[in-house]
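**Q** Starting from the two chains in their separate frames, assemble the complex, guided by the hints.
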Amino acid sequence: KAGVTQTPRYLIKTRGQQVTLSCSPISGHRSVSWYQQTPGQGLQFLFEYFSETQRNKGNFPGRFSGRQFSNSRSEMNVSTLELGDSALYLCASSLSALNEQFFGPGTRLTVL
Amino acid sequence: EDKVVQSPLSLVVHEGDTVTLNCSYEVTNFRSLLWYKQEKKAPTFLFMLTSSGIEKKSGRLSSILDKKELFSILNITATQTGDSAVYLCAVALYNQGGKLIFGQGTELSVKP
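So the sequences go chain by chain: A and B.
Going by the working numbering, the first residue of the first sequence is number 1, and it counts up by one from there.
Going by the working numbering, the first residue of the second sequence is number 1, and it counts up by one from there.
Be aware that a few hints might be false.
What the hints assert, rightly or not - Quick partial rundown of chain A residues pointing at chain B, CB under 7 Å, derived from the structure: (1) Ser33; (2) Pro39; (3) Gly40; (4) Gly42; (5) Phe45; (6) Glu52; (7) Arg55; (8) Asn56; (9) Leu95; (10) Ala97; (11) Phe102; (12) Phe103.
Don't read these hints as lab results, they were simulated from the structure.
In this text, a Cβ means the ideal position worked out from N, Cα and C, and glycines have one as well.
Okay, chain B solo, but in the shape it has when bound (with noise of 0.2 Å):
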């Protein structure tokens, strides 16, 4: 069964602190991998990675994907309390068309 798991499910951090989020997945025929930030709301779009060592930013926030290890880790560095949400880790594959497979999801939340 194809599988995507985050981790931690939680995390608490202060002001100007960097943290790092993991994905790790489980899955047949991986086309793509996706972060998505939720904040109550919809989750926006953070970033789709396809090739693995090529880091993606913007802003503060980077990622990068390893295909033969299969995971992903998403660095937010200098947080800020603006950061504190869930983000959302997804996979895609070929052949499924647009369905995506979400991991459980880490809980930010950073203090002032």
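For reference, chain A alone in the conformation it holds in the complex (with noise of 0.2 Å):
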């Protein structure tokens, strides 16, 4: 069974730019969530989808917003970037949330 993926794999952006980045879950996983990664706060949640619905979301600006398809697959989009936004950033799939989460490999993303 395919794991979690995520792209693109590494970014470079400038302040003032939007990004947006991809998860695809394991097969049959409904729930995604995304995390972000920094060595100063760890892996901090940022919002989480099920069946297309936002099912919650974390202490992050409205900079922040994500979307699920049909398929599961799911977008999170950055706008107006800041030099804080550089991090790691993780998708998770689950069956449910009830189950535990698999993360993709990661989304390096870079503001200059």
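**A** Listed below in structure tokens is the structure:
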């Protein structure tokens, strides 16, 4: 069974630009969660989607948004990038909220 | 505020040693506790614990949860250099969907 895939793996952007990251969950998984990982703050929850609905959202500004498609694939968007948005963005999928989450390889975003 | 705390933050041992990693939590509506291993890439799932006192084992790794004292331990016996990684503890809550609250991680270094 293929694991969680994320594209692109690396991105370099400049301040003020916007970016879209993509996540394809494990086949059959309907829940997709997004996390930001930085050396200072560790892993922080961004949001979770289940059956195309955002079910929960972390404490991030409105510049961070996401969506989920009918095939469970998910995208997250960050608008008006700031230097502090440089991080590893991880996507995780699970069968449901009650099951363990499996992580993708992440997208390393660098904002210059 | 919900909080997960891991200790120690870093640990250096020699091959063959046994290590114990700690994770304590202060959260409302605890549902489950998860352990992950991260080696400079995506966290890989180790265990999910929901009931007190039931040990979960996988090879040289084992983990147990104490819901009364609000902590979990992860034991690694006969450590190998391949065990070098950051070990992450996360807590899932009821009524929070797929949101995981992560601890800071314990960086384990196993020397030959």
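**Q** Should the interface hint for leucine 95(A) be scored as holding, given a Cβ-Cβ cut-off of 7 Å against chain B?
**A** Constraint on leucine 95(A) not satisfied, violated at 10 Å.
**Q** Does alanine 97(A) meet its interface restraint, that is, does its C-beta lie within less than 7 Å of any C-beta in chain B?
**A** holds (5 Å)
**Q** Can we keep the proline 39(A) interface hint, with Cβ of chain B closer than 7 Å?
**A** violated (10 Å)
**Q** Regarding the hint that asparagine 56(A) lies at the interface with chain B, is the smallest CB-CB distance below 7 Å?
**A** holds (4 Å)
**Q** Quick check on arginine 55(A) please, does its C-beta sit within 7 Å of some C-beta on chain B?
**A** holds (4 Å)
**Q** Interface hint check: phenylalanine 45(A), Cβ to nearest Cβ on chain B, cutoff 7 Å. Holds or violated?
**A** holds (5 Å)
**Q** Checking hints one by one. Is glutamate 52(A) an interface residue toward chain B, by the C-beta closer than 7 Å rule?
**A** Violated: closest Cβ of chain B sits about 14 Å from glutamate 52(A), beyond 7 Å.
**Q** Would the hint on phenylalanine 103(A) stand, with a C-beta cut-off of 7 Å toward chain B?
**A** Cβ of phenylalanine 103(A) sits 4 Å from chain B, so the hint holds.
**Q** Restraint: glycine 40(A) near chain B, CB-CB cut 7 Å. Satisfied or not?
**A** Nearest chain B Cβ about 10 Å off; hint violated.
**Q** The hint names phenylalanine 102(A) as touching chain B; please verify it with the least Cβ-Cβ distance against 7 Å.
**A** Because about 6 Å separates phenylalanine 102(A) from the closest Cβ in chain B, which is inside the 7 Å limit, the hint holds.
**Q** Was the hint right that glycine 42(A) lines chain B, CB cutoff 7 Å?
**A** Interface hint status for glycine 42(A): holds (5 Å vs cutoff 7 Å).
**Q** Any CB of chain B closer than 7 Å to the CB of serine 33(A)?
**A** holds (5 Å)
Of the hints listed earlier, those the structure fails to meet are numbers 2, 3, 6 and 9, in rising order.
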